[in-house]
Amino acid sequence: MEALDALLIGFSSALTPTTLMWGFIGCFVGTMVGVLPGLGPALTIALLLPLTYHVPATSMFVMFAGIYYGAAYGGATTSILLNTPGETSSVITALEGNKMARSGRAGQALATAAIGSFVAGTLGTLALTFIAPELVEIALAFGPAEYFSLMVLALVAVSAVLGNSLLRGLIALSLGLLIGMVGIDLQTGQMRFTFGQPQLLDGIEITVAAVGIFAVGEALFLAWQGRSSTPSSLMKLSGSLWMSARDWSRSWKAWIRGALFGFPIGAMPAGGAELPTLLSYYTEKKLSKHPEEFGKGAIEGVAGPEAANNASAAGVLMPLLTLGIPTSATAAVMLSAFESYGIQTGPQLFSTNSALVWTLIASLYIGNVILLLLNLPLIGLWVRLLKIPPPWLYASIIIVSIVGVYSAGNSVFNVGLLFVFGLIGYVMRRFDFPAPPVLMGLILAPLAEQSMRQALTISQGQWTTFVTRPLSASLLGIALLLLIAQPVYRHWRNRQPKATL
Amino acid sequence: MTPSRVAVLLLAICAVAGWQVSVIPESAIQMAVGPDMVPAVVVLLMSIVSVFYAFSAFRGQQRDEASEEEHSALPGSQLRMATLLLGGVIFIVLVPVSGFVIPATLCGMCIARSFDAPLNLRSALICGSVALAFWVLFAKILLIGLGPASPFGL
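If you read the sequences in order, they're chains L and C.
When we follow our numbering, the leftmost residue of the first sequence carries the number 1, and every step to the right adds one.
When we follow our numbering, the leftmost residue of the second sequence carries the number 1, and every step to the right adds one.
Don't read these hints as lab results, they were simulated from the structure.
Don't take every hint at face value.
[Stated by the list, open to error] Every beta carbon over 12 Å from chain C, so not counted as near; a handful from chain L, in silico:
id, residue
1, F24
2, L140
3, G180
4, D247
5, P291
6, E292
7, Y341
8, G342
9, G346
10, L381
11, S407
12, A445
[To be verified] Reference excerpt, derived from the structure (chain L facing chain C, CB under 7 Å, subset only):
id, residue
13, Q225
14, T352
15, L456
Backbone N, C-alpha and C define an ideal beta-carbon position, used for all residues, glycine too.
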């Protein structure tokens with residue numbers, strides 16, 4: 001009941017015209033970045049971080065949440081009409097969605113994706129509303145040792161699970177940790193990795209690193225390839241946007257199952273949206289009364305994964321709001337937004353900034369409605385966006401990237417760093433290093449170091465504190481398991497054929 | 001660029017980072033974890049994984065998109081990348097003296113060129129409009145400091 005009361009207060013704040021306007025802008029921009037290739041929610045939120053100096057925290061986070069949800073909605077459009085997912089989480093949608101579009105049912109594919117996103121987004125937000133306060137109660141028992149171990153687990157999970165190689169994931173993570181330690185050590189005042197440059201004393205800004213790796217790095221990679229000079233062939237928007245009774249009956253169960261996959265997996269470290277969408281797709285394929293339609297345009301194959309994708313977005317917000325631990329690149333950038341407002345994240349957030357948290361949660365419900373209203377009627381606009389020729393699209397993306405970086409202090413040094421990170425992003429993209437561990441490492445390095453120092457101060461320098469406290473030891477144990485699981489599995493798989501011979 | 005060269009680059013980064021750890025001054029504050037301990041552990045971790053990467057790269061086991069036919073680069077890749085980076089250099093050199101819009105326009109034209117758009121008046125007009133639109137949105141509407149739009153201080 002307490003959660004309901006707080007939520008009602010959140011609604012009264014979220015429904016004020018100013019907050020609604022920021023929510024609307026966030027949903028609109030989010031859908032746009034979801035539709036456009038080369039832009040994503042992490043990059044967009046990073047670009048908008050300079051706004052935190054001018055806009056109140058509540059409005060800003062409502063907009064960020066709108067961008068996050070909106071990007072999840074918008075990704076489906078490119079998958080269905082272009083067969084080019086705007087987001088990695090929409091890859092599965094393209095499998096069946098584009099086939100439906102090719103057979104003249106683009107309208108129904110877009111409709112089931114949008115309505116499924118609304119249903120799953122709302123279910124995910126409901127889960128966030130009622131589970132988050134319970135998790136806060138548990139999290140209040142966490143001390144610095146547990147926090148340090150939790151951050152180690154989050155970092156290891158992101159490095160081990162994302163990408164195709166544990167080795168490359170760990171290299172990306174250590175690079176991120178290294179970059180995160182640039183600047184003055186806040187506890188001792190000593191300079192680290194600054195090369196005597198005064199511009200590096202405050203450390204490297206998340207905006208510069210995120211925008212450089214994602215936007216400039218992607219543009220450099222595509223320019224290197226030289227295959228993106230003309231827009232991809234766009235499917236005609238065919239078929240009615242109204243779903244038939246048969247479409248509804250085949251979609252609704254898939255939406256609910258998708259939400260059930262999306263929320264819990266999204267809340268796990270490195271769970272992300274890719275795994276639940278994949279699981280949802282294969283579950284729908286298994287349970288469908290028309291398995292022969294899969295691969296040719298089965299509506300369940302669009303409904304389930306899109307629902308999973310949106311529910312996972314709500315899931316990702318749970319550890320961020322309750323524990324202060326980001327489990328994705330977007331959440332990591334949002335964490336740095338909390339830092340720039342001087343807001344302490346973690347379980348205390350629900351007591352110290354209760355109004356902000358509940359307004360944010362209420363705005364997620366409202367955002368889902370806005371997105372449903374925005375998506376289908378404005379589909380023509382989103383389709384037109386896809387026709388922007390790549391030279392002008394990427395010129396615009398890089399110009400707005402420079403704006404985002406240059407606006408924070410008019411520093412040409414940071415613009416130079418932006419292109420250095422762009423080159424790093426290009427190398428990572430070309431040689432298959434995952435990008436999220438770099439950002440997570442950058443943001444969590446100073447926080448993890450601080451928690452470790454606090455834990456050691458409390459334990460009077462006893463390193464065993466991390467393994468003698470049961471929860472901390474369990475978290476470190478899971479991290480260790482994740483580290484060794486992949487090599488052990490690969491070794492076992494390599495031995496399998498020999499064993500059968 | 002090949003995976004072997006990436007490995008050499010990583011090892012070079014580790015060496016430079018190791019040197020930087022060695023020059024972190026001792027802290028006068030007595031504490032269990034000094035300012036150089038965590039950086040040293042991170043550099044050690046990075047060195048270990050980089051050595052593993054180097055071994056597998058030299059044995060040809062690491063991935064490069066250039067070796068995959070679908071993703072490999074078309075001729076002129078170095079020039080396209082250099083053109084894009086030139087856009088960044090132009091912006092950095094010109095922005096302190098000529099305001100935001102002109103450097104951003106020239107930068108945009110270089111980026112469009114790297115995606116095979118011609119360097120002509122149309123390109124200048126499109127990139128100029130984009131630069132001006134972003135300047136108006138951020139500097140005038142959102143009141144985020146981008147400096148003057150032009151050398152005349154508009």
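These are the hints, each one checked on the structure:
1. F24: For F24(L), whose nearest Cβ neighbour in chain C is about 16 Å away, the distance exceeds 12 Å, so it holds.
2. L140: holds (25 Å)
3. G180: violated (9 Å)
4. D247: Check passes; 34 Å lies beyond 12 Å.
5. P291: At roughly 29 Å from the nearest Cβ of chain C, P291(L) sits farther out than 12 Å, so the non-interface label holds.
6. E292: Correct as stated: the minimum Cβ-Cβ distance to chain C is 29 Å, above 12 Å.
7. Y341: holds (16 Å)
8. G342: holds (19 Å)
9. G346: holds (21 Å)
10. L381: holds (17 Å)
11. S407: The claim is violated: S407(L) sits with its nearest Cβ about 4 Å from chain C, within 12 Å.
12. A445: violated (8 Å)
13. Q225: Because about 5 Å separates Q225(L) from the closest Cβ in chain C, which is inside the 7 Å limit, the hint holds.
14. T352: violated (28 Å)
15. L456: L456(L) check passes; min Cβ-Cβ to chain C is 4 Å, inside 7 Å.
Of the numbered hints listed earlier, those contradicted by the structure are 3, 11, 12 and 14.
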